[in-house]
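Chemist: Sequence:
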Amino acid sequence: MEQNYNHQKIEKKWQDKWEKDHVFKVDKNSQKEKKYVLDMFPYPSGAGLHVGHPEGYTATDIYSRYLRMNNYEVIHPMGWDAFGLPAENYAIKIGVHPKKSTAENIVNFTKQIKSLGFSYDWEREINTSDPSYYKWSQWFFLLLYKNNLAYQKKAPVNWCDSCQTVLANEQVVDGKCERCKNEVIKKDLKQWFFKVTEYADELLEGLDKLEWSHALKTMQKNWIGKSEGAEIKFQITNNKFQTNSLPTGQAGKFQIPNSKKIYFATGNKSKLERLKKLFKKIDPQIKIEQVPDYVDVEENGQDAWENSLKKTDPYQGKYDVPVLSMDTAVFFSNEDEVDPLAPKRSCLKGVDEKNLTQEEIAEKALEFYKNIAQKNGGEKEFYYEDFWTILYPNGEHQQIKNRRDYILTDQQAGDLDIYFPMKNLYYSKVSGKRFFENTAEDFFKEFECQANVLKELILPKIINPPTSEEALGIKVFTTRPDTLYGATYMVLAPEHQLVQELKISIENFSEVEKYIETTKKKSDLERTDLNKNKTGVELKGIKAINPVNGKELPVYISDYVLATYGTGAIMCVPAHDQRDFEFAQKFNLSIIDVVQSQRKTKVLIVHGFMATSKDDWFPWLKKELEKLNYEVLVPDLPDTKNPILKDWLKILESLVQDFAEDDIIIGHSMGAFAAQHLAQKIKINKLFLVAPVSEFMVDDQTRTESIKENFTKEQIEILRKFTDYQLNYQNIKSNVEKIYAYFSDDDPYTSDKQQKQLVEKLPGEYRVLKNKGHINISDSRVSVFELPEIISDIEEKIRATEAQGKMINSEEFDGMDSEKAQQKITKKAGGKLTTQYKLRDWLVSRQRYWGAPIPIIHCPKCGAVPVPEKDLPVLLPDDVQDFRPTGQPPLALSKEFNKNVQCPKCGGEAIREHDTMDGFVDNSWYYYRYLDSQNEKEFCAKDLIKKYMPVDTYVGGTEHAVGHLIYSRFFTKVLRDNGYLPADRSLGEGGDFDEPFLKLINQGLIMGTDGQKMSKSLGNVVNPDEVVEEYGADSFRMYEMFMGPLEDSKPWNIDGIKGLRRFLDKNWRYFSDINYGDESNNQVVSILHKTIKKVTEDIENFRFNTAISSLMVCLKILSSLNSPDKTLVDSYLIMLSAFAPHICEEIWQKLGNEGFICRQEWPKYDEKLIVEDKINLPIQINGKLRATLEIEVDISEDDLKKQILGLENVQRFIDGKEIVKFIYIKGKIVNIVTCLSADK
RNA sequence: GCUGAAGUGGCGGAAUUGGUAUACGCGACGGACUUAAAAUCCGUUGGAGGCAACUCUGUGUGGGUUCGAUUCCCACCUUCAGCACCA
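Residue numbering for the first sequence follows numbering that gives the first Met the number 0, beginning at 0 and increasing consecutively.
Just so you know, the hints here were simulated from the structure itself, not pulled from any lab data. Treat the hints loosely; a few may be bogus.
No farther apart than 27 Å at their CA atoms in a straight line, the calculated lysine-lysine pairs in the DSS-like style are these [to be verified]: (1) K363 / K422; (2) K904 / K946; (3) K268 / K363.
Could you build all of it, start to finish, from the sequences and the hints given here?
Modeler: Spelled out as structure tokens, the structure:
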């Protein structure tokens, strides 16, 4: 007898036989029902297979073999996900062309996979990097393009400036380039996208009908991230640049004539010169001249807008050239004496100027302004506003204004200018220079705002005056439109388009620009790492108008708002959004509550030693807080003259039982010590310690004297006992949101030292009050009846309340349920209800070599033109020597690829797209290709799709939860919408399928022996080859299945494999000297049928570990027979063959059977044969097992009761007690319930 | 922080309409076979107590429901995974 079997010989033998006989080839003409069982195909890495790969493959193999034996036609293919970055990186690393290294890796992988005896139909093998495959990947690109689902857009990508290249996310480490450690920035590059978002809703809803794990479904749900809310628009105003649409007969479009001439209505030569200079810079082609018949108009309007308009009046209808005019006003804040429209008059108030010379008048004016400066410490900020009007030949007007900022000094520079005395006293805030010091560059800087305004007025050929609907505005998306009245500011994403559009209106644009720059430099990591530390810049000069109440809100940019989500802008409600709250705190913005929680906030006040709730400031505080809508508890604590902490806590703990995270505890003196004890155990919002006694007090030598003076010895002893407990400050810190403590500078018991010790342990808000003693009326020196300081601290908002509730501060909506108010407030704001998704469009461009070229040609005349289908595939050129990323896509370097490229539309010279496609494009449709892998005309024939799709069972890791599995679903939906799926495609028992994978099973990771994820860098990768060599493929397969549930992650531990090998050896020996006979008994038959049932059900549910364990039990039972019945043993062997196919084929053959065991029929079980007639019945008394009894199954309850009560052990436990209940669950258990004692 | 999954012997793990907790395997210990070892076979193996029959205790922690809870409910702790300023 052979002790052990020779696995190396046997396994090779059967693998060859299976291949030679095409045992696993799908029969195309089969009439059997189909099952498509699919593994996620591997990327053939250079490292070869590791023990994690075969876990899923073994599971599907067992399942496939099981299905075949149950008369299904099983499609079970394998192939290679060969394109993509990992393959290319590996090739770069070893210095071999990826085509070559990939081919080698595939050879190695094939060998390894085949050594495990999987039942793949190898004739369907595919390779995504083969032109016959990627031709169809390119075809899919064109399909999407035709459907407007593929488009080009600028997108920010990771860019390393020193390497001159785009980096993949995994190549960016801590915001720095993996290779050169240079800081990585975001760069806008034109990229190709697939519009997955178009199908967002369908991808979400389709999940319901799939048999996927709950975890995976929620992962996809979160990724798609649907949220419902409202889109609301806020109008913008600004004080630096404002267009003033005048009422005209025909509001609409102004046409500027083609003549490039403009008249300027002014008598002031220097203003004209200045304007000429500015126009030269704006547009040299525009000529500006003084209006031919200049008329001096009296500036007697009510405001500068009116004055400016008046100046153009004389020229109404006179010229076919636009006429420009301007009036300037000067603004000093808090200087009421200066009239903005008539500054000269302001200087000469009360002066009789008739007898004065021009010089003297100028001197007076100069004095006047010097005075203003002096009054303000030598310098005073002020600004000019220029109000421009343009009169168009058609008689319509357009107005616009700008603002220039200056600083007035009391230091005169240069000679007195009698026409403009003030000129010598100020310098520009922009250039920092005085008028006569200006260089040409300074001049343009100083007057840039004027230039911008003029540009805005003149340059566009057509000007659209803002109408109420089209006016500039900030659109926001919010899920809480009910809180609109609480919006106190707005934030735009730094990348928001509006920021650039409002450039001329933003006073601090250079600061804004700087912030945008630093944001770009921040890596995603930094942006999220500094989660709580909000940054941002206000857009000065800009305000937004709240549409419901007309309030002006400041506008900021900040990187906590993402450009890619919603509208890239938000309204901020700091009272009810934590992020807004943090930002508002940092920038000192107001916080308005608009939703009130339904629950009153609770406050517990704990009094101190020898005090009561009636004493001191407690009644006052209770009254004040109740006015403010708090629920206040001030318990009287027992034995206040001889308090025991434990007794106090017992009462206090019951009081705070229903305290929530919003509630507050206040403790005074010794009560503060008790309060700290409470805070160790429950989560609360605020903890107030007033003149707190802490564990430090007893040891405070600076207070020994005064304590002795005020307390008797007994009292000090009580105090010591009370505080003799260690506090867990760590717990208090994590339980309490904010801690406040009050000390008094003349407290006889608590000192600075205690305060310092406490603040070290419990950081928070610490205040030292003046002359409040121990903040206690029983203090002999000071009486304290009120403590007003505490109210504002209690009221202080320290975090946003995001819950729904009742509306307040919201005008007519007050009192309404906030959820109901959402729709109504949205309506009032003129917004609309919308839905947003987190899902982004799929970026498919890669500036890399090893991928399918994007089939697009760029023509200078026709733009992006798709390559015609007949020209596919666009071959990946072989003549790229250096395929390392160099900043330019490697395909740009190929001569072959760029030779004779013609535009398919116009035939002109054109350029090929140089980017390749993301590898996920290739593997989004590979399961179709398996069905028709040789087809040269279609990606897959329609009748084969109808016959074999969808995939019935798909097995793979979770790592593809949101990539591959979403994209594949997306591709299938696109195929459906383009008629590529057969019309009457079936889904299980009828109905249409538009989901590729009906059932999905995620195998867990197999980790290294160290419990960490297997990776080359950790050196914990286990290669199956050695294991297979030593123990055999069958042992290996069984062991991987036996390790635990397929879905769990588990560390690899080779020790256990011995048990499985032992089991197979046992089988070998058992069958080596088996003598068939007719022996069988009820017990053995029952066990066998039980095993068939168990194994069948376990395989159906992918619970292979328990299936194997019942096979082990079954063998043990079979071994008890000397000459077993052949059918019994055969049934067992057939089941085992799904798990350990090689050895079972060999045994099958050695036993003289015909054909392959893998082609036998799966055994059936008979429910009747499983039922045993005798069972061991457990007997409990009061729920505890006291005895077992072997009974006939159909024994009557009365008989049973008699038998049980006769049992010795049962007697012992019942012993005179009354039997209250006798519970018998047929065939399962008996429980006897008795009274506790005999007397009752 | 949010979402999801999970916590059971020395280890991998089993046990679901609530009904004998630790199946099966590994390891360990004892024994048989052997000159010896390996292999193989047999036995023991959650903890505490007891000569023993047996008793108490025990499925992350604390409560609850129930005749009976690893399983159901509530609160908490820990671990793993995914997402992460998503308005």
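Chemist: State for each hint whether it applies.
Modeler: Structure-based check of all given hints:
no., hint, result
1, K363 / K422, "holds (14 Å)"
2, K904 / K946, "violated (39 Å)"
3, K268 / K363, "holds (25 Å)"
Violated hint: 2 only; the structure is consistent with all others.
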